[in-house]
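Chains as they are written, first to last, in our numbering: chain Y, 1 to 116; chain U, 1 to 112.
Source of the hints: derived by calculation from the structure; they are not laboratory data. Ideal placement from N, C-alpha and C gives every residue a C-beta, glycine not left out. Hints are not guaranteed to be accurate.
[Unchecked claim] Stretches of chain U that chain Y covers, calculated by requiring three or more beta carbons in the stretch to come under 8 Å of a beta carbon on chain Y:
hint : stretch
1    : 45-58
2    : 69-83
3    : 99-111
[What the hints assert, rightly or not] Derived pair list, reagent style DSBU-like, types lysine-lysine, alpha-carbon separation capped at 35 Å:
hint : chain 1 : residue 1 : chain 2 : residue 2
4    : U       : Lys57     : Y       : Lys56
5    : Y       : Lys41     : Y       : Lys3
6    : U       : Lys69     : U       : Lys18
7    : U       : Lys18     : Y       : Lys56
8    : Y       : Lys68     : U       : Lys57
9    : U       : Lys65     : Y       : Lys41
10   : Y       : Lys41     : U       : Lys69
11   : Y       : Lys41     : U       : Lys17
12   : U       : Lys17     : U       : Lys69
13   : U       : Lys71     : Y       : Lys3
14   : U       : Lys65     : Y       : Lys3
15   : Y       : Lys41     : U       : Lys71
16   : U       : Lys17     : U       : Lys57
17   : Y       : Lys3      : U       : Lys57
18   : U       : Lys18     : Y       : Lys41
19   : U       : Lys71     : U       : Lys18
Residue-level listing of the chains:
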Amino acid sequence: ELKVEQNPLFLSMQEGKNYTIYCNYSTTSDRLYWYRQDPGKSLESLFVLLSNGAVKQEGRLMASLDTKARLSTLHITAAVHDLSATYFCAVDLALWAYFGNEKLTFGTGTRLTIIP
Amino acid sequence: EAQVTQNPRYLITVTGKKLTVTCSQNMNHEYMSWYRQDPGLGLRQIYYSMNVEVTDKGDVPEGYKVSRKEKRNFPLILESPSPNQTSLYFCASSRTGNYGYTFGSGTRLTVV
Chain Y
1 ELKVEQNPLF LSMQEGKNYT IYCNYSTTSD RLYWYRQDPG KSLESLFVLL
51 SNGAVKQEGR LMASLDTKAR LSTLHITAAV HDLSATYFCA VDLALWAYFG
101 NEKLTFGTGT RLTIIP
Chain U
1 EAQVTQNPRY LITVTGKKLT VTCSQNMNHE YMSWYRQDPG LGLRQIYYSM
51 NVEVTDKGDV PEGYKVSRKE KRNFPLILES PSPNQTSLYF CASSRTGNYG
101 YTFGSGTRLT VV
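Excised from the complex, chain Y in its bound form:
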């Protein structure tokens, strides 16, 4: 069974600081996704990481994927208040292992609060 663990679960940080959210998963997978969720809102896709070594950046957020270590990181640079949200990583099983259901397994999320 695929398990996805995020840490930390809660993160409170000051504006201007850097920090990293970690996402570990238990089974071989080539694809990892990061989503953002604002309170009471839907999930917004941030990054899709499709291969080992993939790195993507959008503004102050950068995501990377190490499939050998089964680890993805979401790095926040010079945080601003607008980045306050809950961030989820999600993983799908390698197609050969679970053909058919393109299911994403989600971590429990990291609630990020940026303090002015």
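Keeping the supplied structure of chain Y fixed, place chain U upon it in accordance with the hints.
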């Protein structure tokens, strides 16, 4: 605008009263899925559909039904809701090849 539309956004109902949450997508996606989100548990898959007339159970299917008669629609049916089905529900769709989901805006269901 490409989107997944869920209705209703909020619903309060009583135990045992059948209800349907609708989901429609306009992106011609083959794959659709329902998730529920609960505090501390993240998102868990209820049911999924790979195409018209093809549906299957996810991780937590008990108490739910789905149908996929048309490609764009994937309703979630609760035949006899119970309080433990109080949750935030999301419908999602994607094109085959799993390049990530597009999520609906969510339905907050309360069963009393």
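Taking each numbered hint in turn, which are not upheld by the structure, reported in ascending numerical order? Going through the list in order, the structure violates hints 2, 7 and respects the others.
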